[in-house]
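Trainee: Residue strings, one per chain:
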Amino acid sequence: MSALRETGRLVDLGVDVVRNAFRRPFQFREFIQQCWFVVGVTVLPTALVSIPFGAVIALQIGSLTRQIGAQSFTGAASVLAVLQQAGPIVTALLIAGAGGSAICADLGSRTIREEIDALEVLGVSAVQRLVVPRVLAAMVVSVLLNGMVSVVGVLGGYFFNVVLQDGTPGAYLASFTALAQLPDLWISEIKALVFGFIAGIVAAYRGLHPAGGPKGVGDAVNQAVVITFLLLFFVNFVLTAIYLQVVPAKGS
Amino acid sequence: MGVEVVVEGLTKSFGKQTIWHDVTLTLPPGEVSVMLGPSGTGKSVFLKSLVGLLKPERGRIVVDGTDLLRCTERRLYEIRKLFGVLFQDGALFGSMDLFDNVAFPLREHTRKTEAEVRRIVLEKMEMVGLVGAERKLPGEISGGMRKRAGLARALVLDPEIILCDEPDSGLDPVRTAYLSQLLIDLNAQLDATILIVTHNITVARTVPDNLGMLFRRELVLFGPREVLLTSDEPVVEQFLNGRRVGPIGMSEEKDQATMAAELAHRDAGHADGSPTGDVRGVVPQLEPTPGLPPRGAVRRRKDRVMSIVHTLPPRARQGIVDSLTPEERRHYGTPGGAG
Numbered sequence: 001m002s003a004l005r006e007t008g009r010l011v012d013l014g015v016d017v018v019r020n021a022f023r024r025p026f027q028f029r030e031f032i033q034q035c036w037f038v039v040g041v042t043v044l045p046t047a048l049v050s051i052p053f054g055a056v057i058a059l060q061i062g063s064l065t066r067q068i069g070a071q072s073f074t075g076a077a078s079v080l081a082v083l084q085q086a087g088p089i090v091t092a093l094l095i096a097g098a099g100g101s102a103i104c105a106d107l108g109s110r111t112i113r114e115e116i117d118a119l120e121v122l123g124v125s126a127v128q129r130l131v132v133p134r135v136l137a138a139m140v141v142s143v144l145l146n147g148m149v150s151v152v153g154v155l156g157g158y159f160f161n162v163v164l165q166d167g168t169p170g171a172y173l174a175s176f177t178a179l180a181q182l183p184d185l186w187i188s189e190i191k192a193l194v195f196g197f198i199a200g201i202v203a204a205y206r207g208l209h210p211a212g213g214p215k216g217v218g219d220a221v222n223q224a225v226v227i228t229f230l231l232l233f234f235v236n237f238v239l240t241a242i243y244l245q246v247v248p249a250k251g252s
Numbered sequence: 001m002g003v004e005v006v007v008e009g010l011t012k013s014f015g016k017q018t019i020w021h022d023v024t025l026t027l028p029p030g031e032v033s034v035m036l037g038p039s040g041t042g043k044s045v046f047l048k049s050l051v052g053l054l055k056p057e058r059g060r061i062v063v064d065g066t067d068l069l070r071c072t073e074r075r076l077y078e079i080r081k082l083f084g085v086l087f088q089d090g091a092l093f094g095s096m097d098l099f100d101n102v103a104f105p106l107r108e109h110t111r112k113t114e115a116e117v118r119r120i121v122l123e124k125m126e127m128v129g130l131v132g133a134e135r136k137l138p139g140e141i142s143g144g145m146r147k148r149a150g151l152a153r154a155l156v157l158d159p160e161i162i163l164c165d166e167p168d169s170g171l172d173p174v175r176t177a178y179l180s181q182l183l184i185d186l187n188a189q190l191d192a193t194i195l196i197v198t199h200n201i202t203v204a205r206t207v208p209d210n211l212g213m214l215f216r217r218e219l220v221l222f223g224p225r226e227v228l229l230t231s232d233e234p235v236v237e238q239f240l241n242g243r244r245v246g247p248i249g250m251s252e253e254k255d256q257a258t259m260a261a262e263l264a265h266r267d268a269g270h271a272d273g274s275p276t277g278d279v280r281g282v283v284p285q286l287e288p289t290p291g292l293p294p295r296g297a298v299r300r301r302k303d304r305v306m307s308i309v310h311t312l313p314p315r316a317r318q319g320i321v322d323s324l325t326p327e328e329r330r331h332y333g334t335p336g337g338a339g
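Chains A and B supply the protein sequences, listed in that same order.
Position one of the first sequence corresponds to residue 1 (the working numbering), numbered consecutively onward.
Position one of the second sequence corresponds to residue 1 (the working numbering), numbered consecutively onward.
No wet-lab data here; the hints were simulated from the structure.
Note that the Cβ used here is the ideal one computed from N, Cα and C, for glycine as well.
The reader is advised that the hints may include incorrect statements.
What the hints assert, rightly or not - Pulled a few chain B residues facing chain A out of the computed Cβ check, cut under 7 angstroms:
#: 1; residue: L53
#: 2; residue: Y77
#: 3; residue: K81
#: 4; residue: F93
#: 5; residue: D97
To be verified - Here are some chain A residues the structure puts well away from chain B; computed CB gaps all over 10 angstroms:
#: 6; residue: G14
#: 7; residue: R29
#: 8; residue: V39
#: 9; residue: A70
#: 10; residue: A118
#: 11; residue: G123
#: 12; residue: V124
#: 13; residue: V151
#: 14; residue: L155
#: 15; residue: W186
#: 16; residue: L230
#: 17; residue: F233
#: 18; residue: F237
#: 19; residue: K250
To be verified - Residues from chain A that keep clear of chain B, each with C-beta distances beyond 10 angstroms, as calculated:
#: 20; residue: W36
#: 21; residue: Q85
#: 22; residue: S125
#: 23; residue: V143
#: 24; residue: N236
#: 25; residue: L244
#: 26; residue: Q245
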């Protein structure tokens, strides 16, 4: 029952954020600051995670394609894997784990210092003023991070395949578009956008409602990250299933 | 003149725990009221309910003709502009310096030029004695300074209603006295309705026009200051005198056994540090600093109280009549002295 109520409030905040996003005046300054802030906490970890992630995929696919005698498709398969799954999942991990937790901690400490109450009493909506710029920043940065993960992942894959597994550079590059198609990139970015939104909303929701005291903020951050992970992996599954149904695979 | 706040049958609970129920009172326009109560009786919750930060389950809060519990969000934000709220720790925005904090409401809600903003902010900063600290961050100053800065910010929009959550907590008695004087001076200048939530007895005895007390999930009483100051309610007597013997315990309520044990100790001569005298009784009220205009609330309150004086308990009546000048006694037609 209480889980249902929490979910309802979370959705309520989501609706509120969407509505307030179109209300003037848009907090442009806060938005830019938050983008910079989220980039600051996510960009390095993302790069560091996506290199080994791309490498693992390249190694796995490299040996798999050799086993079944389809070396010419190594490049094609790794691009597809990085773009469709690795990119969004690494983005989800980082935007929730690094970006979301930072947003949650920031809003949480403001809440227990009664800053949020003070803002509301001064007739300023905390959702419009603080939450909307943060959620939008999480979305924008998430899309950009996803692009970065894709590039770094593909480059990592290329390096490992060509240099370590003695693959042929030409074959690797030439097969890029054999399986992957443009909609794969779109769905990847759409996923990232949705992930950014969910991570931002959950972080803001937990940050605005911590249990009392500094320990409450710590717990709220922890819960925000866990809840976001669960939600993002589930949403990733749903979006992937829908995409595979709706968009025909190349050549089929 | 300030705005009247009418509270009717208000009930608030968190989950199964009732904080208080059926609270009914009216904050008379332009008058200063104090809400007393032991720690943990929901005084702060009451204050936050008045500005719509918390939603009580039942009852009405009417401000300026609008029921805060049933109005649109847009209207609620409009109504809130009538309020200036001083939070317990000042609730300053940690990322801004004091000047920007105090200027925030002006920049947000008015179209004043930066020069005007500067003039108003400096004026309010001077009022609370913070000149020279404009460029300090909230993290760099003491609790008392944060509190005064919070008050300055609450005042910049010239609010009709000022709510103060424990203005004395964390302040020494001298600073508390200055703050009390400041609040009374503000009332004289702005004629705003003021509600102070506190458990400071000196503030309760000398500052307000009206006094109330919350205890055991109920409003014990609320009315002209003379009523509470002369009340025979055991809770009120214990609280005003700061004794251990009485219905209030370390946890909110006390069981019979503890109460009996404490009484036995006292009768056996245990010196528990409780004051021997009884501080109840009507003491002279704080007046605005000489040179300021007289408080409009004093006259209005006298008229209001004299119209209900026959309904008040005898000792409160006595206190009120004693505080009248001979002239006023003639005006209201009350017998002199022992009424």
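Trainee: Does the claim that A:R29 lies outside the interface with chain B hold up, using a Cβ gap greater than 10 angstroms?
Mentor: Fine: 12 angstroms to the nearest Cβ keeps A:R29 off the interface.
Trainee: With 7 angstroms as the cut and Cβ atoms as the points, is B:F93 at the interface with chain A?
Mentor: Hint holds; B:F93 Cβ to chain A Cβ min 6 angstroms, cut 7 angstroms.
Trainee: Could you check if B:K81 really has its C-beta closer than 7 angstroms to a C-beta on chain A?
Mentor: holds (5 angstroms)
Trainee: Does the claim that A:V143 lies outside the interface with chain B hold up, using a Cβ gap greater than 10 angstroms?
Mentor: Given that every Cβ of chain B is farther than 10 angstroms from that of A:V143, nearest at about 27 angstroms, it holds.
Trainee: Is A:W186 truly not at the interface, in the sense that its beta carbon sits beyond 10 angstroms from all beta carbons of chain B?
Mentor: holds (37 angstroms)
Trainee: Is the nearest CB of chain B more than 10 angstroms from the CB of A:L230?
Mentor: Answer for A:L230: holds, closest chain B Cβ roughly 25 angstroms.
Trainee: Against chain B, does A:A70 hold up as non-interface, every C-beta pair farther apart than 10 angstroms?
Mentor: Given a closest Cβ separation of 56 angstroms, the condition holds.
Trainee: Taking the least C-beta to C-beta distance, is B:L53 closer than 7 angstroms to chain A?
Mentor: The hint holds - B:L53 has a Cβ within 7 angstroms of chain A, the shortest such distance being about 5 angstroms.
Trainee: Tell me if the interface restraint on B:D97 is satisfied: Cβ within less than 7 angstroms of some Cβ in chain A.
Mentor: Constraint on B:D97 not satisfied, violated at 15 angstroms.
Trainee: Examine each Cβ of chain B, and state whether all of them lie more than 10 angstroms from the Cβ of A:F237.
Mentor: holds (35 angstroms)
Trainee: Against chain B, does A:W36 hold up as non-interface, every C-beta pair farther apart than 10 angstroms?
Mentor: Label holds. Min Cβ-Cβ 14 angstroms, cutoff 10 angstroms.
Trainee: Please check whether the beta-carbon of A:V151 is more than 10 angstroms away from every beta-carbon in chain B.
Mentor: Given that every Cβ of chain B is farther than 10 angstroms from that of A:V151, nearest at about 34 angstroms, it holds.
Going down the numbered hints, you'll see the structure goes against 5, 10, 11, 12 and 22, while the others check out.
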